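Colleague: What follows is the residue order along each chain.
2 protein chains.
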Amino acid sequence: MIQAIGEAARAASRRQAMADTHLKNRALEGAAAGLEAETELLLETNAGDVDEAKTQGIGGALLDRLRLTAARVEGMASGLRQVAALPDPVGEVTAGFVRPNGLRMTRFRAPLGVVAVIFEARPNVTADAAGLALKAGNAVVLRGSSYALRSNLAIGEILRRAQVEAGLEADAVQVMSDPSREAARALMQAKDWIDLLVPRGGPKLIAAIEAEATVPYVIDGAGNCHIYVDASADLDLAAEIVVNSKVSRPGVCNAAEKLLVHQSIAADFLPRVTKLLGEAGVELRGDETARSFVEELLQASTDDWSTEYLDLVMAVKVIDSVDEAISHVRQFGSGHTEAIITRDLEAADRFVRELDAAVVMVNASTRFTDGEEFGYGAEIGISTQKLHVRGPMGLEALTCERWMVQGSGQVR
Amino acid sequence: MIQAIGEAARAASRRQAMADTHLKNRALEGAAAGLEAETELLLETNAGDVDEAKTQGIGGALLDRLRLTAARVEGMASGLRQVAALPDPVGEVTAGFVRPNGLRMTRFRAPLGVVAVIFEARPNVTADAAGLALKAGNAVVLRGSSYALRSNLAIGEILRRAQVEAGLEADAVQVMSDPSREAARALMQAKDWIDLLVPRGGPKLIAAIEAEATVPYVIDGAGNCHIYVDASADLDLAAEIVVNSKVSRPGVCNAAEKLLVHQSIAADFLPRVTKLLGEAGVELRGDETARSFVEELLQASTDDWSTEYLDLVMAVKVIDSVDEAISHVRQFGSGHTEAIITRDLEAADRFVRELDAAVVMVNASTRFTDGEEFGYGAEIGISTQKLHVRGPMGLEALTCERWMVQGSGQVR
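Going down the list, the sequences are from chains A and B. Residue 3 in our numbering sits at position 3 of the first sequence; the count goes up by one each step and never skips. Residue 175 in our numbering sits at position 175 of the second sequence; the count goes up by one each step and never skips.
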């Protein structure tokens, strides 16, 4: 099974890698039009997934993410058109120089080959991930949740048809129809066929990838994001950023989870910001000092400092110095996004330099760690690892950089 | 054991990451001077390793690589000075732009943190690898062959002393003193401490890494490098490149292993080139067609096409077209280096575009896939994987790129 998928993907990847930009764009725009034209059929198909999920006792947020609406189908279509409008990364020259012996070295972006994506019960990821992978000149193998299988296959079929209509290969898009765990494991270990695996899911999926995957992967991991409000901060600006970072979408990885406040402003700032957060429905847990300023705070436990809540919960700590803020974040941060609110140049410089996170924000909401906010048009995830790419992953993350060396007979 | 090493490395890596270039350079230059000053002691220590290796029946090339000479010590010293003279990659801005909302995004190079290197019985790698890792702002953990343990520890001690004399941390350089396989496995799985593992060794080490490592690594893999001599090639130039690629250093991964010759020039070119190769001591194995042109060729077996000989052996195949050359290399190449000798622009373009190798050479020896030849001053290996870096790995490969986002109160 995985061999047949892998061989088909590898073969199709060659055509996709060589395809001119306008052909790839034609396929993406064709797929967008196809999604719109077949909205009704997609919603019917999706209703089948939703009904079956209900009989299996699925409800709440999971069911909501599984459900397609006309607006969500339109969102997929416009996402594909946005990707079509992005510059093609393939062939971009990223370095070049001439050596003393006359050799001309040129480093340029090339497709990776075959990209696999494992994702949860959100059918729109089928179109979003495929669009990015195809535009970057790759074939893509998609493995969604079994709950969304009918929907994913239907979306995949529209993408495949658009590929053929543009003169490209249908097999550059494959949706795995086997929903078993064994099939997922086979994909994670398909070293001969998969050049990059992007897992989009929670800690359980990440743990499974780390334990079992033998293919190269990029981890889209947890975001235990901190905001440090420095002694010199503009407190109005700080309050607005803290509330936005925590409240605007608490369930995502770039939401702030921890608030560190410098002791010199705690008496002024803590009551203000906790009042605003409380009004927005945030449960607040503080360390002893924070609770001495705002007695309504719940008591934070040791676990709080390392927990990614993904919910309307925030832990608050009063700290004595930039040094303490930096060492706290170093100890508990997950390498995703850290923010400082300050007017002090040295504090900002130190925060950026000394913290090892994918993104360090100065006087901005943590929520800006996001592909669209970075101008990538779409993202296939946010890398929390150090190799290959850190932070939002757009088209570039789905390419590699290789070398051409042009000579005129040089030998060593 | 690994925890103590890891914790010490992590702590030292923070100081190293923040160190100004001139401090890092001072340490490298101090280490170079130290190696020179203690040459005699190093040679004595190394003689102990060599003697014990002999009693264990070690000889030949392995013993040669294990042996230090005054010239080799001088080579290490000058290597460290070369690395000191290279531009510091830390802080280099690799991308930057302003978003419509005024956010200023800046991507810059930062140290990875802790780099581990596992290598064979070549003590000079201790200094070479440490020099690159330290210059890129990392701490380094070195795990050489047990045969070279005394030598490696002695070289490591000189590097550690130079760190301290420059005001940096000794523990930014640690040579593992436990030569057991268990210690190597612990290093491969020290996810909390190691940010990048670079294995420098043969297929057995690579297989062990792929099977057991849970830390991030970059594979420095096999080079089954091809040279395709096109119908339009300048045959004198082609012969010189083929001989150089095969003969100048047959035991290294950038040596050519396979020769593909277009049928239209085979009658002219094959007798010439095989005569030159034969005179240089190369054993030649041909397919049926090649043997019809030069009957002295041995018969190539199916295995030959996928074998990296690392020896004075070369397999020769006559092919009908650029297409056939490309599909043969696609099937058997290892993604290291492929070369085309041609005067035909389209053939050159197709070879570069359609082959998925770290480096594609046009009219140049495969031997140029090398850190020094790329101007990197030194290399820590040659990546044959696609993620993070492809081809020669210099200082840049030992950094990551992370983001600073500067705002003035932006929220989403």
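Warning: the hint list may mix true and false statements.
What the hints assert, rightly or not - Below, computed lysine-lysine pairings styled on BS3-like, alpha-carbon distance capped at 25 Å:
no.: 1; chain 1: A; residue 1: K54; chain 2: A; residue 2: K204
no.: 2; chain 1: B; residue 1: K191; chain 2: B; residue 2: K204
no.: 3; chain 1: B; residue 1: K204; chain 2: B; residue 2: K54
no.: 4; chain 1: B; residue 1: K54; chain 2: A; residue 2: K191
no.: 5; chain 1: A; residue 1: K275; chain 2: B; residue 2: K204
no.: 6; chain 1: A; residue 1: K204; chain 2: A; residue 2: K191
no.: 7; chain 1: A; residue 1: K204; chain 2: B; residue 2: K191
Source of the hints: derived by calculation from the structure; they are not laboratory data. Please read all numbers here as calculations on a predicted model, not as lab measurements.
Colleague: Would you mind marking each hint as holding or not holding in the structure?
Modeller: How the hints compare with the structure:
1. Among the hinted pairs, A:K54 with A:K204 is consistent with the structure: their alpha-carbon atoms are about 22 Å apart, no more than 25 Å.
2. Of the pairs offered as hints, the one joining B:K191 and B:K204 holds, with about 22 Å between alpha carbons and a cut-off of 25 Å not exceeded.
3. Taking the CA atoms of B:K204 and B:K54, the gap is near 22 Å; set against the 25 Å cutoff, the hint holds.
4. For the hint linking B:K54 to A:K191, the alpha-carbon distance of about 40 Å lies beyond 25 Å, and the restraint is violated.
5. Between A:K275 and B:K204, the direct Cα distance comes to roughly 61 Å. Violation of the 25 Å bound is thereby established for this hinted pair.
6. The suggested pairing of A:K204 with A:K191 holds, with an alpha-carbon distance near 22 Å, which does not exceed 25 Å.
7. For the hint pairing A:K204 with B:K191, the CA-to-CA distance comes to about 18 Å; that is within 25 Å, so the pair holds.
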